[in-house]
Structures are given as C-alpha cells and as structure tokens.
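Peer 1: As you go down the protein sequences, you meet chains H and E in turn. Residues in the first sequence are numbered from -5 upward in steps of one, following our numbering. Residues in the second sequence are numbered from 196 upward in steps of one, following our numbering.
The set of hints was computed from the structure by calculation and includes no laboratory data. Note that the coordinates shown come from a computational prediction; the quantities given were computed from them, not determined experimentally. Glycine is no exception: its CB is placed at the ideal position from the N, C-alpha and C atoms. It is possible that some hints are incorrect.
Estimated spans, in silico, between C-beta atoms of each pair [to be verified]: (1) H:Asp190 with E:Phe384: 53 to 63 angstroms; (2) E:Arg199 with H:Asp190: 33 to 43 angstroms; (3) H:Lys195 with E:Glu198: 24 to 34 angstroms; (4) E:Arg440 with H:Asn200: 53 to 63 angstroms; (5) H:Arg143 with E:Tyr551: 25 to 35 angstroms.
List of simulated lysine-lysine pairs, BS3-like, C-alpha gap at most 30 angstroms [said to hold, decoys possible]: (6) E:Lys567 with H:Lys231; (7) H:Lys47 with H:Lys61; (8) H:Lys57 with E:Lys324; (9) E:Lys378 with E:Lys324; (10) E:Lys540 with H:Lys58.
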Amino acid sequence: MILFHYDKTFEGLLSCIFFAYAQKCFPDMILSPSDQQPLFADEQYVVVSDKVKASRVWSSLEKKLSKIARRMMMSVWISGLPETEMLLFRYMCKNIDHPQGVELNFGDTDVLRVKEIAQQVSREAQRLVQFVRFQETADGIWFAPIAPRYNLLPLVVKHFRNRYSSQPWILYDTTRNQGLYWDTHTVHDVSFSPADLAALKLGQLNGDKQSDEEQLIQRMWKEYFRSITIRERLNLKLQQQHMPKKYWKYLTELQQ
Amino acid sequence: MNERILEKLNILADAAKYDVSCASSGTSRPAVKGGIGTATGWGICHSFTPDGRCISLFKILLTNHCIYDCAYCTNRRSNDVKRTAFTPRELAELTIAFYQRNYIEGLFLSSGVMRNPDYTMEQMLRVVKLLREQYRFNGYIHMKAIPGASDNLIAQAGRYADRMSVNLEIPSEENLKLLAPEKNYSEVFAPMRFIQQGMLESAEDRKKFRSAPRFVPAGQSTQLIIGATPANDHQILTLASALYRRPSFKRVYYSGYIPVNNGDSRLPTLAAPPLVRENRLYQADWLMRFYQFKASEIVDESHPDLDLDLDPKMGWALRHPEFFPVDVNSAPYEMILRVPGIGVKSAKLIVASRRYGRLSSTQLKKIGVVMKRAQYFILCRELPMQTVNELTPQYVRRQVTQKQQKRTAELLQYTIEWGE
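The shape of chain E in the complex, shown without the other chains:
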C-alpha cells in the first residue's frame, strides 16, 4: 500500500463510475472458519455519494487501457486520458483493507479490454481467485464477463463470482454498430447464454448433491444506456422484458446518458442527463418485476414513450378507466396491486387486514396507501367517492400532475393550458 496505489485508485474508480449496477443481493454466504466475510442475501449499502447513489460494492476497473473505441465510453482508445492498471495482488489487498473496515460489501470488478478479451478475463480471474483462495474472502463478488473471452475462462470465473454481468449498453444492434463498430450483439449474448447455462446446470447438480459447486448464484444483470440513441421506451422495455423471461436474469439497469466524449457527431448533445426518463423506466421495470405488468401494457406502438409527468402505473390506470373502481375489501390481490398509490407492501397489508373487518379510508391511509392518487380508483367502507369514471381521466390527470405543473409554472412564470 502506498501513494502510487492511491493514484491508480483515483483513475480507475473515476473510470468505473458510469456503471450503475451496485446490488449486493441474491446470495447468502454463511461465515466460514478462518475466512473473512459473509453475504446476507438482501444486500447492504455502506455509503451514499453526493449523487445519491449507493456504495455497496467496491466498484473498480482492473485497467482503463482499452482496445475498443466505443463512442459512449470514457475509456475508449482514442481518448487522451491517463492509463494505468492494478496488479491482481494490489487490487485484492485493497479490497480486503476496505472490507475489514466495513466500507464495502464486496468487489465489483470490471475492466477495459487490454491486448485481447482472453488476456483481460484471465487477469480478472486472477484477482478473484486470489481473494477467494488466498485471502479466504467470503464477501460478495460481482464480475463483468468480457465479451469474446473463452467459455473456459468464464466458467472458471463463475465459480468464484456471485453475480456476473455483460452490458448490452445500446438497446438496438444497428445503433451499437454505429457507436461501437468493433462490437456486435452476438458477441454480447454469447457469454450471457453461457452463464445462464452454467447456472441452470449447477442448480440441477445441487439438487442431487448439496456439495456441488455453485455457479453465479446471484444471477446476471445488464445495463442499457438511455438517451444516447433514438431508441424509444417501447423498444427498451420490450428488450428488458425479453431478458427477464430468461431464468437467470435478475436486473436490467438503465443509465441516463452522460456526455463524456464531447464533439462526437454520432451522439446527441444533451443539456442535462435524462434523469426523469431514467426514473420512469425504473418504475416501469418495477411494474414488470413486482406488479405483474407486461411490457405491452405499459407502452405500445400507439404510446411508444413513457409519460414524463405521470408514473407508468398511473398512466396505465388512466388509459384503462374501465378496470376501476377496485373494491379493496373484496378484490383479489392482483387487482389491488394495479391501483395507483398502492404498493406491494400496502396491498399485502390490505389483504391480511380485511379479514377482520371492512377497511375505511383512514385505515388505508395509516396502512400506507397514498390516498392522493388512490382515491380516484378505489371503493372502501365509506360511501363511494367520486372515481375516475365519474371525474374523467383528463380531470384526474390534471389533479395528480398539478404539483408538477406548479413547479414548472414557477420556472416559466406562466403556462398555457393546452388540455389533453
């Protein structure tokens, strides 16, 4: 440990920060004797940076040398930045030092591609091997699979890592070809398929033998950049839902495009990163994963983009007033889940509590239902309130977006109402 490592740390952390994935969930690792570390299954965030993102894993590149020249990446070959690389031992020592102080939950190891994919993957493999075998590190490890690396290397890495990921980055192949001429979809999908196959095989083996080795037990994830290409939300969510249909896929991350390379004509110039759109995509993602929505219900050809003023659940509800009002005291769980303002937690509490008596709106409020949004869509113990059907979706829309509009109005001094 010395000053030189501090400088490397600065460069390589700075180069790694655009990867948004940081989850440390999905596996539980009980303590092992003589080792260090555990994993709890639900993930722990150890700090939050001034941009509001969590630090759970020690997110770092092994090197920022790269043979590729992708337009959206800070580490591309043609950029004039300071290049450096950790040795596997330096990185392993640093990880342990941070872990011992409870700074981190584990390591997120990514890398630029130096020499060739196989060489890079081999170096990364040496880091995790050192950590697991020599330092007896039993915390969480998330590792990038380098597209183009041989199956053998990925198979070895999967034995040590808890989660692996390959980033798609660009949601359509023709745009990927435009922005990253050296890459293509088939090379990205190949390791994904391989990881999935390994996972399924290992799960099958572990049914027969409890001691069979685990392979990427926390599944895989990927990342899509939002706003760098003209792809609309319909394309993005359709792609995401196709990925979620694969049994190994746990998360798709959406990363609002931040212009890191100025003056590239292939990329748009944005005043600010598309953070609202990113947020709406995450909301839509949650609807698909926890609220039993299909991608085609959230967006379709006639509404290819998510409404930035409304959350996607409210958007769906306003397009489908015929579905409401939902009587919280008798409707099935799946229908309650579709009411704007009722989340998974409150839906479960409602279903448990209503067996003891009909719930009133005060009780619903206390349980945690956001009545400001839910009031237009539910029936409860009180006399029926005015629902979306009597008030019209246009009116409800105005009501729930009022605050938003007020904020915009403050910015623009005055606004003109265009109606629906």
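Chain H with its partners taken away, still in its complex shape:
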C-alpha cells in the first residue's frame, strides 16, 4: 500500500497530483496529519504543498474542465467527507489522462459521485437559505442560529448580504462555534464564549435580548403558519420530506 501524507489544503492535494505524475507512483490513500494512520504501509511519502506545482496542475485542469465541473470539485472539497481526497484525486487523474476530459461521463462512478456530493452540498446550502430565521435583538442586530452539516457559511453569505444589505445581521453556526457578522458594509468573523453558545443553542434569544416587537411578530408568524394549513389535506410525511426534522430546531414556526 502506498500512502501520501499532505497538509489538508487544496493546494496540498494538487501537489499530490503533481508528485504522483512526476514519480509515477499513485497512492492508495492520502492522509492528513489528523487522520488515523494505518498499521502497515509499503511506501510512505510526505508531499509538501507547493504553490507553483499546484497552479500548474490546476491550470491544466482548467483547460479540460468547465466552470461547473470545477465548482463541483470545490463543493466536494467543502463537504469534508472522509472519501474526499481519494475521490478528487481519482477524478483529477481521469480528467488528466483523457484527452478531452471526462466530466460528462456520468457512467463513471467517480464522476457520478462528484456530482452527487456537489448536489448534496448545494442542496444543503439551499436549505440554509430556506430555513434561516432571523430574530431582531434589542440593539437592532438580526440574529440567526444555524447548524448545517457542512461548513456552508461561505456559500450562502453572498445571498444574505444582497438580500439584507441594509440590516445588520449575524449568521451563527452553533456546531462549529463560528459566525459571520454583516455590519451593512463588510462581513466580519465572530465567535461567542462557550457560556453564551449554550444559550444560543436553544434557538431562542432571551426575552430581554429581543426587540420589543419580536415576540409579537413571532406569534403572528406561528398563527399564520397554523391558519394557512388546510386540515382536509394533512400530509405530515410530505412536510417532513421537504423540511427534514433536523432543521426544525431553529424554525420559529415549529418552536413551542
């Protein structure tokens, strides 16, 4: 078994490709320092990230892959699934080896898998856009806790920045304890202390932190949600299919 060790950056992964083609030696596993090491390995290499080599690999891929395919690769990278490194490695190799690239060959398992993961990631990002709920705080900032499966904040920030350009907001990822704060001009990183985080995880701000109208509007929204339902057509399965339970925690209309 041949192992590559890399520094868990995308640049490092591209350097792995360069290394593999230069040494004519292809890995069975690509490991980052945090991964568990296997007990046995025939050969091990430590691949050092190299900006120049990485950009050479990337530019050769740019010639063969469309923008959509490149974006799909980035989505797979963001997903951070355990299979990411080897999947992307094989995907890039296949594209390098084929004269025109294989991005449209969905009969190939790796190409299809890249597309599937990219779709999962973009669906998750879409769900975030759908199910974020802001609450107005007493100091006029709109606050929304989120808990997505992947680290999606970078994918959705543009949407919220455009939509709510003149209201300051915070999107806070309670699982990763990091958030973004838009002050109507720029986006900043924010993070709260563990004590505050525990309170935020409940999904509801304390009464004294909410603005005066917040409670009433939330009640109106809940009442609206109840009134707009047609009793004769009740279909809870369909509701859950569109809005899985894992998102319910932070949905105003489904909180008690």
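With the hints as your guide, set chain E onto chain H.
Peer 2: For chain E alone, kept in the frame of chain H given last:
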C-alpha cells in the same frame, strides 16, 4: 403592530389558503441600494405546513368582504363568517416584518371584491405601491388581477408585480355560470389578455431600451378547481394546453375541490378531496411542459380521464407499445424522454454520458433511472431484456401497479382480479 392585527391575520390567512399557487420563480431582482430584498429566479420555499404545501410567499387576502356569491368559495356573500380588512399600511408593514426575518420570499396579494372591482383593485394597488416605493421592497410580489377592474389599474399594478394571475376556477363556462352566476368567462379572459399584451409590449420595449419598465416579468398563472364539476380530464387538459400556448402563461394550478360550503345542491359531496386525481393532472401538466407531450396524446375522447393507478406517461407508453423498445445508447433525446422511469435529468445525463461508451443497466440505475418502470421499455448494453412487446402491455400494467393493488388489498382484505 398589535393584537388586532393578529386577529385580522388569522381570518384573512385562513380565507386565502385555498389558493394553491405559491411559486416565487421567474424573475431575478438584483439588490438595490438602500432597499430590502432580492429575487433569485428559481424561487425559494421558506417553510412547509403540515399539509405538505410550501410557504414561499405571504399568501393573504386584503379583505374577505365579497359582493359575489360563488358556490365554491368560503368568502361568498351568503356565508356567515367574520369579515375584516387590512389597511394597506398594516399589510405592507406585516410583509416587511416577515421578510426581514427570512420567513417569506415576498407577498401574494389576493382579495375578496368589496364595493366593486375597481375599488378593490385600487386598494390592492396601494399596498404594492407602498411596499415598492416607500419601503423600497425588492422581493417578489404576486398579485391577483380582479376581473372587471379597469385596464388602467391593472396596467399600474403590472409595473409593481412580478407575477399576476386571474383564476378561471371552473373549467367550463356553463358550469361557472351555474356556480357563480355573477361571473362569466369573458370577464376573466379580458384581464388575462390585457396582461399578456402589456408583457409583450414591455419585452419589445426592453429590447430597444434597457431601462424600459418591466411589466409582470414572471408571467401569469391561473387555477382550476378539480372535482367540483363534472368536467373530465380531457376538457381540463385541453383548456390548460390552450393556455400554455399563450406566450405569457407560466403555470396552470389544479386544486382538488374541498367542500367548504355544506348543503349547496349545486356541488357534489365528496368523502375526501380528489388528491390522487389532482396529482395525476399535475403529472400530465409536467408532461406537456417539460416532456414535449401534447394534451391529445395524454387523454382523448376514447380515454377522457387519466388512469388513477398509473402515471400518465406509463399510461401513454402502454397504449403505444409500438414506440418501444428505445435504445438508450442511440435514440434521440426526445425519444428517451418518453420512456417511463426516465426523467429530464436522467435523460440529459444519458445523452451526455453515452458518448464515452455504451451504458449498461447498472450505470443507468446509478444515474437515476427508475429501472422498475424503465426495464420494459429500453435496450442497453446487456442482452435485450424482455420488453413490453414480448410481455404484453397488460402484463406490464399488472407489474407496475402491483404495489398499489397490494395496498388496496390490505384495505379490502381481498380483491377480485377483473383483468383488463
């Protein structure tokens, strides 16, 4: 904002819920400085109610006062319900408050007709005008055009709204006359024509001047009630396809009739709303819009109604076995699209992938083809499977409806097979 508004909200949301349209797609509105809101072009659903329907737009009536007495409507004049109305400012404030919290994608404004159509339309116009001009609201607005309102008012509304709609409700004129004596088709079609004309003119102007104002950029839609009248699916789909031939028409919605007014002899009494039929009609609608089917292929005089046990595409395939088997590795896209179990997405993937090599059934399955249905209609890399021609349509029909029958069998304990 106070408790009184909460009560109004309850009454007017409850009265608005029978309108099924909720799409927020069709326009993209980039952010404007100092304003609030954008529209993305593909629409975003922000919540789903326990009936499984999405909340994308804040669907609300301006008032439930109504001068008409339509048999199928909860808000008809003769019903003894609590009546109320929003002021334009209350409604605009409420919309903004919901929008700021990311509850909604925009406003769907409908209304009962108070005093006369012109007065109602004017009030509705004031809401959207307030939203767009004073609150700088840049989200999606869907607005009902009130039949009988003057062209001038509709022309003004079209400048602010993204989509407008007029509901036909009843799929034939004689039945409409029976159920809603004060209405007629020509009054409903007049605003539709006017909206279309405005749209086409604006599109033409915008070719010459980029700054020319947009008019109902997301097109119009309408709604038909299913099961309240004896109209069959042939009539309904023919009407829908005639509407889709108009350039401005984006959607026809089908709403299974829910008896809201008991004891009206003009309407049937149903044990449950016709949800399966509604679903089949939507499937047929999709076939017309995305699969290049004609209405006459889906239903005709000899089969005036859709088969409730089979989806309409499978129904067509079983009536036309001579069209199959389709070789997925060589047939044109249009033919692949007609195979039951292959949707638009998988058809596109097949056409893209087959250039790299012949596709096998495992690959097709992974791509997303539903082989349970498609297996009888395709050829792929493997040796030919038994297709619908060898197995006979009757056999295939039994195979694909088995699960359905099993479910019915569980309900009835046992069933008698009548065959075809």
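Peer 1: State for each hint whether it applies.
Peer 2: Here's how the hints hold up against the structure:
For aspartate 190 (chain H) paired with phenylalanine 384 (chain E), a C-beta distance near 60 angstroms keeps the hint of 53 to 63 angstroms intact. Roughly 37 angstroms separates the CB atoms of arginine 199 (chain E) and aspartate 190 (chain H), a value that falls within the hinted 33 to 43 angstroms. In this structure the supplied range 24 to 34 angstroms holds for lysine 195 (chain H) paired with glutamate 198 (chain E), their Cβ-Cβ distance being about 31 angstroms. Between arginine 440 (chain E) and asparagine 200 (chain H) the CB atoms are about 58 angstroms apart, so this pair conforms to the stated range of 53 to 63 angstroms.
Judged by the Cβ atoms, the range 25 to 35 angstroms given for arginine 143 (chain H) and tyrosine 551 (chain E) holds: they are separated by roughly 32 angstroms. Simply put, lysine 567 (chain E) and lysine 231 (chain H) have alpha-carbon atoms about 23 angstroms apart, close enough for the 30 angstroms limit, and the pair holds. Distance restraint check for lysine 47 (chain H) and lysine 61 (chain H): the Cα-Cα separation of roughly 21 angstroms lies within the 30 angstroms cut-off, and the hinted pair is therefore satisfied. The suggested pairing of lysine 57 (chain H) with lysine 324 (chain E) is violated, with an alpha-carbon distance near 50 angstroms, which exceeds 30 angstroms.
For a cut-off of 30 angstroms, the pair hint linking lysine 378 (chain E) to lysine 324 (chain E) stands: about 28 angstroms separates their Cα positions. With a CA separation close to 23 angstroms, the supplied pair lysine 540 (chain E) and lysine 58 (chain H) stays within the 30 angstroms bound.
The structure is inconsistent with hint 8 alone, although it conforms to all the rest.
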